[in-house]
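Asks: Take a look at the letters that make up each chain.
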Amino acid sequence: MVNRIAVTGIGCLCAAGNTLDEAIASMLAGERHGSAPRRFTTTHADTFPVFSIAGEFDDVSDRDMLRTSRLGLAAAHQALAQSGWSLETLKSLRVGVCMGTTVGSAMNNEAFYSDYRQGANPSMTPIDRFLASNPAAVISRHYGFNGPTQTIVNACSSGTDAIGLGAAWINAGLCDVVLAGGADELCRTTYNGFASLQISSSVLCRPFDRSRCGLNLGEGAGVLVLESEASHRRRKIEAQGFVLGYGSGTDGWHLTAPHPEGRGLKQALAEALAVSRVRVEQLAFVNTHGTGTRDNDRVESLVLGECLSGLPFHSTKGYTGHTLGAAGAIEAAFVLGFLQRGQMPASAGFENMDEDLGAVPVTSVTPFDATMALSESLAFGGNNAVLIFERGEVS
Amino acid sequence: MNLLTQPVAIQGIGCVGAFGRGAAAFVEAMQRGTTAPQYHDDLHGDGSAYFPAFLATTDGLDDYVPKRALRRLDHYSRLALLGGCLALDDAGISADQRDRIGVIVASGYGASATTFGFLDSVLDDGDHCASPTAFSNSVHNVAGAYLSMQLGIHGPNLTLSQFEMSVSAAIYNAVCWLQQGRVDTVLVGGVDEHCAVLNYCYRRYFAEEIEPQRIEPFAFNRQTAIPGEGAAFLVLSRDPKKSRYGYIDAICAGHVEQRAESVIQRSPILLGADGHRNSGQWYQRCVGNPKTSCSAVYGSLPSGQAFDLVAAALMVRDQQCHAACDRIEEAAQIRQITSIKCASDGQFGAVRVSRWSGKGR
Amino acid sequence: MTTKEKLKQILVEDLNLEDITPEEIEDDEPLFGEGLGLDSLDAVELVVLVQKHFGVEIKDMEEGRPALQSINTLAAFIEDKQE
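Protein chains in written order, with the numbering used here: chain A, 1 to 395; chain B, 1001 to 1361; chain C, 2001 to 2083.
In silico DSS-like links for lysine-lysine, alpha-carbon gap of 30 Å or less:
1) Lys2081/C / Lys2052/C
2) Lys91/A / Lys236/A
3) Lys2081/C / Lys2004/C
4) Lys2006/C / Lys2059/C
5) Lys1067/B / Lys2004/C
6) Lys2004/C / Lys2052/C
7) Lys2059/C / Lys2004/C
8) Lys1067/B / Lys2006/C
9) Lys1067/B / Lys2052/C
Beyond 12 Å from chain B on every Cβ pair, some chain A residues (computed):
10) Arg4
11) Gly30
12) Arg233
13) Arg277
14) Val280
15) Phe368
Over 12 Å on every C-beta distance to chain C, these chain B residues come out as not near it, computed from the model:
16) Phe1206
17) Pro1212
18) Arg1277
Read the hints as simulated data drawn from the structure, not as lab findings.
Glycine is no exception: its CB is placed at the ideal position from the N, C-alpha and C atoms.
Same shape as in the complex, but just chain A (with noise of 0.2 Å):
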């Protein structure tokens, strides 16, 4: 990246809170609220726990959409109001919207399904209400913004990608303004898959842990406000952060199985590093992808040792559960509000070194002084994606 490229607002929903505050300070104090799914049901055997949002959270739009939407603009909304742009002056401007999402670009509707299988003549309105959803378009709509739009489907690095690909718009001259990040929600179908894959703990998580044994799915949103350094300070406004650096690579080994020894993690990681020009030791910590599976964590060790050795590091899914295409989004905003407090929470579920793995998260809430973080996502089909942030203005 040539820039660095200001974040000027962020949005966040999740399990661990309703906002970004409201989940630094329930991660900070350990509370870990995942439960049974609340709103479907399943004929497993075993219940796997999962992380959903607590109670209402604020409905932006009262258009009939997907839950996944209705998260996304509800952080977009959250974002926004703090970015301190008026929507008469983005509407001259152009403004992009890049969002990662899994559920919110599937057309898996069971209830729809059955019905037709069946013959009996289904309602559309889940066909309609799927047509009118799709994450980043519904964002820009309801805003009336003027840019290009993209929805990013990288399985659960989107979050990630769509952050750093966003800041690529700015850099390249596309756009002045992008809103990226991600949104998923819970859903029957993907718990279903999970499990089916035999990756879905029945406990809750525990990334790195000798005895984890899988990961727990969870719900929410992010949003970031990003714009070139320019234009904040054209405008006199605090930077929440900065986007420093993103990259990817891709391991070409297999559909769901990480490479063993992190091929296109390491790539990933190199070209963040090299664009952001940050050297290793400045960093303060690392948030890692950390599902809790034994490959995911396995993989993510190798790779800690070899490339970024002796940093901090954790896992956040044991707070929020694995929020699939918005997890990079989320754990993104977190990683700024760390940076802002200058202190990162407990890698949750963690007690016992892997000695397989010679990796020790922290292990209770952790200060630090550098100025710059990385966070890194992993992703079904071998995606992987690293972006780099470093503390704003705002303390």
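Since chain A is already given, all that's left is putting chains B and C on it; use the hints.
Replies: Okay, now just chains B and C, sitting in the frame of chain A:
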């Protein structure tokens, strides 16, 4: 339009659709003016007849990829993989030259047949018999993943899904990657597949319409869409000398109402209009002459703009409007053409392809 | 059809091993790695297929791993559970 400071060269193209596969088949079909849609004898569960559709086959994919490696690939991924292989082949990029290549796949609906296949496994045999293979193949980035795995491309890999705007967004990213030097080459394209549920949606949504015999892209106020499927890919290079078709030298996106003036072109316009009345009104407002369209050849599909970009590359290379045109006398010599795709809500994405780059374009 | 024959048919048809026939699979051939070349995704798919076709549950991979070695071990596991 955003004029690109550094136009990107079109080095190769590949496509597969109901018209067949490859440039020659595509040009021949465009000149003929249409492809015949297929009619199924099957009925949907509620007794309604299947809508006609433009269907594609992926025969010959095992010329490029070993059969065993294809065992898990569904039709959607096979379409994308074949489109990608054809484009790389056309660009002359062999297996040992695949460093610093990025992959971008745009799809309106993703692997829809497999998505419903996964639901079948749940509905047939219960939650505990959900198929993990179907689930992993229903994730949208599966085609991008197979392109990476089977072709040994390890650069940035991106999948976008935003209905009609997917391909335009893909080009935005491809241009960024090339301008910023992330990669030297981008394999970028669109793919969508037909499936029973999609077919049923056509039947339901357009129940009151006369069933179309062919797509009439310029009949903006009539519903003449016939679903299509296929994949179309471009190989884009940052090296201007690698151009074999021309250059992408300007891009634009936004809302037709707010940004229509910026789409005004002196160059011909290749409309992505594909027989849907709800987007027809927006195409009607796109200014530029003459207007052409080739959707009658590949069908109605959200990622259809990928076919338009392949068509634009071929038209600029041959300096000839291969497709149906509203003012044929003015389309005699195509040196520049702008592909425009509109969504039902008035969002549009435009990509200009020119024969020359730099001064005098 | 014996359990072994049925298993071979399931492997070829449901895992789409298009390049071989059921008869070509040896009873003691390793299913994964060097043998038939199946992978981790096939392993979890096989768990579902065994449940679906034989009504036999493989609880997790700890139980599954020894059973999923070859046609012989898997058939023995299934027949043992069915009794």
